[in-house]
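**Q** Spelled out from the first residue to the last, the chains are:
2 protein chains.
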Amino acid sequence: MKKLINAPDAVVRDALRGLALAHPGLAVDLENQVVTRAALTPGKVGLVSGGGSGHEPLHAGFVGYGMLDAACPGEIFTSPVPDQLIEATKAADQGAGVLHIVKNYTGDVLNFEMAAELCAEEGIEVASVLVDDDVAVEDSLYTAGRRGTGATLFVEKIAGALAETGAPLAKVAAVAELVGARSRSFGVALTSCTVPAAGKPTFDLPEDQVEVGIGIHGEPGRRRVPLASARELAEVAMDAVHGDLPLEGELLVLVNGMGGTPLIELYGVFAEVAAYVKGKGATITRSLVGNYVTSLDMQGFSVTVCRLDDDLTRLWDAPVSTPGLRWGR
Amino acid sequence: MKKLINAPDAVVRDALRGLALAHPGLAVDLENQVVTRAALTPGKVGLVSGGGSGHEPLHAGFVGYGMLDAACPGEIFTSPVPDQLIEATKAADQGAGVLHIVKNYTGDVLNFEMAAELCAEEGIEVASVLVDDDVAVEDSLYTAGRRGTGATLFVEKIAGALAETGAPLAKVAAVAELVGARSRSFGVALTSCTVPAAGKPTFDLPEDQVEVGIGIHGEPGRRRVPLASARELAEVAMDAVHGDLPLEGELLVLVNGMGGTPLIELYGVFAEVAAYVKGKGATITRSLVGNYVTSLDMQGFSVTVCRLDDDLTRLWDAPVSTPGLRWGR
Chain G
1076 MKKLINAPDA VVRDALRGLA LAHPGLAVDL ENQVVTRAAL TPGKVGLVSG
1126 GGSGHEPLHA GFVGYGMLDA ACPGEIFTSP VPDQLIEATK AADQGAGVLH
1176 IVKNYTGDVL NFEMAAELCA EEGIEVASVL VDDDVAVEDS LYTAGRRGTG
1226 ATLFVEKIAG ALAETGAPLA KVAAVAELVG ARSRSFGVAL TSCTVPAAGK
1276 PTFDLPEDQV EVGIGIHGEP GRRRVPLASA RELAEVAMDA VHGDLPLEGE
1326 LLVLVNGMGG TPLIELYGVF AEVAAYVKGK GATITRSLVG NYVTSLDMQG
1376 FSVTVCRLDD DLTRLWDAPV STPGLRWGR
Chain L
1076 MKKLINAPDA VVRDALRGLA LAHPGLAVDL ENQVVTRAAL TPGKVGLVSG
1126 GGSGHEPLHA GFVGYGMLDA ACPGEIFTSP VPDQLIEATK AADQGAGVLH
1176 IVKNYTGDVL NFEMAAELCA EEGIEVASVL VDDDVAVEDS LYTAGRRGTG
1226 ATLFVEKIAG ALAETGAPLA KVAAVAELVG ARSRSFGVAL TSCTVPAAGK
1276 PTFDLPEDQV EVGIGIHGEP GRRRVPLASA RELAEVAMDA VHGDLPLEGE
1326 LLVLVNGMGG TPLIELYGVF AEVAAYVKGK GATITRSLVG NYVTSLDMQG
1376 FSVTVCRLDD DLTRLWDAPV STPGLRWGR
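These protein sequence lines are chains G and L, in that order.
For the first sequence, counting from 1, position 6 maps to 1081 in our numbering; every step adds exactly one.
For the second sequence, counting from 1, position 83 maps to 1158 in our numbering; every step adds exactly one.
Bound-form chain G, shown alone (with noise of 0.2 Å):
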């Protein structure tokens, strides 16, 4: 294993370290494992995401003005302790209640529930969204149903987007659903990520073989099949998106790096998506390519697509000012 650590028991509190000396809007708690912004709006309904680590810039990588409030990172892989979220959720609650922001996967599930049930009985109100985009597959290695995987970035953009604007829990919550509702994804692996504590590859995958449908963990997806064209994939991967919701009006479009793919490939799989939705008759009018929700150093890509609406787009355009999203202050 060959990675730029101090030790595999230390990633992500190194990382953390670093996160906090970069960006001096963040208060890191490095202790518990908790990123908040430095500055709380009072009033203002309060994000909350977290999952395992791995997947950077998500979650910790989208705190700041428009997007959450506050991100929980667990160890590689690993879902946050209810002790984590419990701190991040009453950091966040400026009196106008939290939104947790959820991926389907069961321990997430289980520690987030288990928080808002506590915070609950302290008196602070809490709504969930689950987000669960990823059409690969039904049920897998760490989840019951779809996996959670790039529309999450997606979710807590708009609704980011959306308290800032002062409107109460359950218009943001509801506004998270319908982006949720509304986006699906499907990816594909190239390589294997490597886990630093178990210091060799998850999974096994020939030279000519690439895995369609995988998760961000490296969970297997639907199928291998041989090492194709950036077309072909990008294809399969589409086919599969259009299959589960038509793809149709305004879209917006994330073709998302696993961690290990350079951007000059990412840009070449946008050009056959864009390729791809032109000619089933809908429109990309906003796009992100770039390594957003990654899974350590695996080569591949997913592509997520939102179907969007006039107030969509314009949460999504709406200021935003993060270390992993920044437009427009």
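There could be a bad hint or two in this list.
Just so you know, same-sequence chains aren't split out, so a pair can sit in one copy or run between any two.
[Stated by the list, open to error] When the alpha-carbon atoms are kept at most 16 Å apart in a straight line, the in silico EDC-like pairs for lysine to aspartate or glutamate are as follows:
hint, residue 1, residue 2
1, 1165, 1325
2, 1246, 1279
3, 1275, 1084
4, 1246, 1200
5, 1353, 1310
6, 1077, 1307
7, 1355, 1325
8, 1355, 1196
9, 1246, 1150
10, 1355, 1323
11, 1353, 1325
12, 1355, 1252
13, 1165, 1197
14, 1077, 1213
15, 1165, 1192
16, 1355, 1319
17, 1077, 1283
18, 1355, 1188
19, 1165, 1196
20, 1077, 1282
Calculated directly from the structure, the hints in this document are not laboratory data.
Following the hints, position chain L against chain G.
**A** Just chain L now, kept in the frame of chain G:
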């Protein structure tokens, strides 16, 4: 070779198609491989850069408000040809002259010089700045003198910000020179990159060794050393930088991924770089952590340091809106 591509000879063209589709603020001439802002600003000094592809988002990803007016991507790790540079220079000339920002590689230098001469004959005022920030080696595979690497981003951002204020060519060129003179870089590779047309890694690097002082095309560095901790490798890089230009005062620091290294590792490296800088009594007042000046799929990092002053800080903070760097607009 496992890559998300259609064909080795189509990688650059396909990526440019994707870039054009993802960023309507750019005008992409696919035939000549020239990327310009869709809307140029009459009377503003034009900034043009370019170089081999494979370093994305550098350079085409830095075209936009507050940075470049045009970029010329060559084939992978291959200098752009004079015709590209001439077209870009003519487009960028809005009556106030054009600054060429050239990384110090022999092919780039020669082709930019030829283009500058031909444009001068047609009455376009052209100034050039040579970026040669990499302290690793004197002379190298493609270079006489030092190689140009991460400081290119600093030069493009800061000179770009000054150009937006309406400053004349001489002043924009002077600040570009100043940034280059105050910046130093050093890189470390954990793995080789693989050029698509070659189909195999550029060099062999045993599983237990790293190359310190690596170039962004995989040029040999200073030496090979056993794989060490992030702290030790950051120290090797920072010793080289500090030994060449002592760290003092307020610093802008880029911890840059070479394309295949995930963000979680880069933040860990940043924590070590910050500790090193603090130990020398200097202060990091601005920073950037991510994949900005890459070497295809190489795993590794580079660190670039620029000594700031109040003017440079203000120009760094000025709004920028490009695919690869965006804030305040």
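**Q** Confirm or reject each hint.
**A** We went through each hint and held it up to the structure:
1. Taking the closest pair of Cα atoms, residue 1165 and residue 1325 never come within 16 Å of each other, the shortest separation being 38 Å inside a single copy and 36 Å across copies.
2. For the homomeric pair residue 1246 and residue 1279, neither the shortest alpha-carbon distance inside one copy (45 Å) nor that between copies (56 Å) is at most 16 Å.
3. For a Cα distance limit of 16 Å, the shortest separation of residue 1275 from residue 1084 inside one copy, 15 Å, qualifies, whereas the shortest one across copies, 33 Å, does not.
4. Taking CA atoms no more than 16 Å apart as the test, residue 1246 paired with residue 1200 passes inside one copy only; the shortest distance there is 14 Å, against 57 Å between copies.
5. Taking identical chains as interchangeable, the C-alpha atoms of residue 1353 and residue 1310 lie at most 16 Å apart only when both belong to the same chain, with a minimum of 12 Å there against 50 Å between chains.
6. Only between protomers do residue 1077 and residue 1307 lie at most 16 Å apart by alpha-carbon distance; the minimum there is 14 Å, versus 31 Å within a single protomer.
7. For the identical chains of this complex, residue 1355 and residue 1325 are intra-copy neighbours only, at 12 Å inside a copy versus 53 Å across copies, given an alpha-carbon limit of 16 Å.
8. For the homomeric pair residue 1355 and residue 1196, neither the shortest alpha-carbon distance inside one copy (49 Å) nor that between copies (50 Å) is at most 16 Å.
9. Within a single copy, residue 1246 and residue 1150 get their C-alpha atoms no closer than 32 Å, and across copies no closer than 50 Å, so neither meets the 16 Å cut-off.
10. In this assembly of identical chains, residue 1355 and residue 1323 lie within 16 Å of each other by CA distance solely inside one copy; the values are 7 Å within and 57 Å between copies.
11. Taking the shortest Cα distances, residue 1353 and residue 1325 sit within 16 Å of each other inside one copy (11 Å), while across copies they are farther apart (49 Å).
12. In this assembly of identical chains, residue 1355 and residue 1252 lie within 16 Å of each other by CA distance neither inside one copy nor across copies; the values are 26 Å within and 50 Å between.
13. Taking the closest pair of Cα atoms, residue 1165 and residue 1197 come within 16 Å of each other only inside a single copy of the chain (9 Å); across copies the shortest separation is 66 Å, beyond that limit.
14. Taking the shortest Cα distances, residue 1077 and residue 1213 never come within 16 Å of each other, neither inside one copy (34 Å) nor across copies (28 Å).
15. Taking the closest pair of Cα atoms, residue 1165 and residue 1192 come within 16 Å of each other only inside a single copy of the chain (12 Å); across copies the shortest separation is 64 Å, beyond that limit.
16. Only within a single protomer do residue 1355 and residue 1319 lie at most 16 Å apart by alpha-carbon distance; the minimum there is 14 Å, versus 57 Å between protomers.
17. In this homomeric assembly, residue 1077 and residue 1283 come within 16 Å of each other (Cα to Cα) only across copies, at 8 Å, whereas the closest approach inside a single copy is 22 Å.
18. For the identical chains of this complex, residue 1355 and residue 1188 are neighbours neither inside a copy (40 Å) nor across copies (47 Å), given an alpha-carbon limit of 16 Å.
19. Proximity of residue 1165 to residue 1196 under the C-alpha cut-off of 16 Å is restricted to the intra-copy arrangement: shortest distance 12 Å within a copy versus 68 Å between copies.
20. Only between protomers do residue 1077 and residue 1282 lie at most 16 Å apart by alpha-carbon distance; the minimum there is 7 Å, versus 19 Å within a single protomer.
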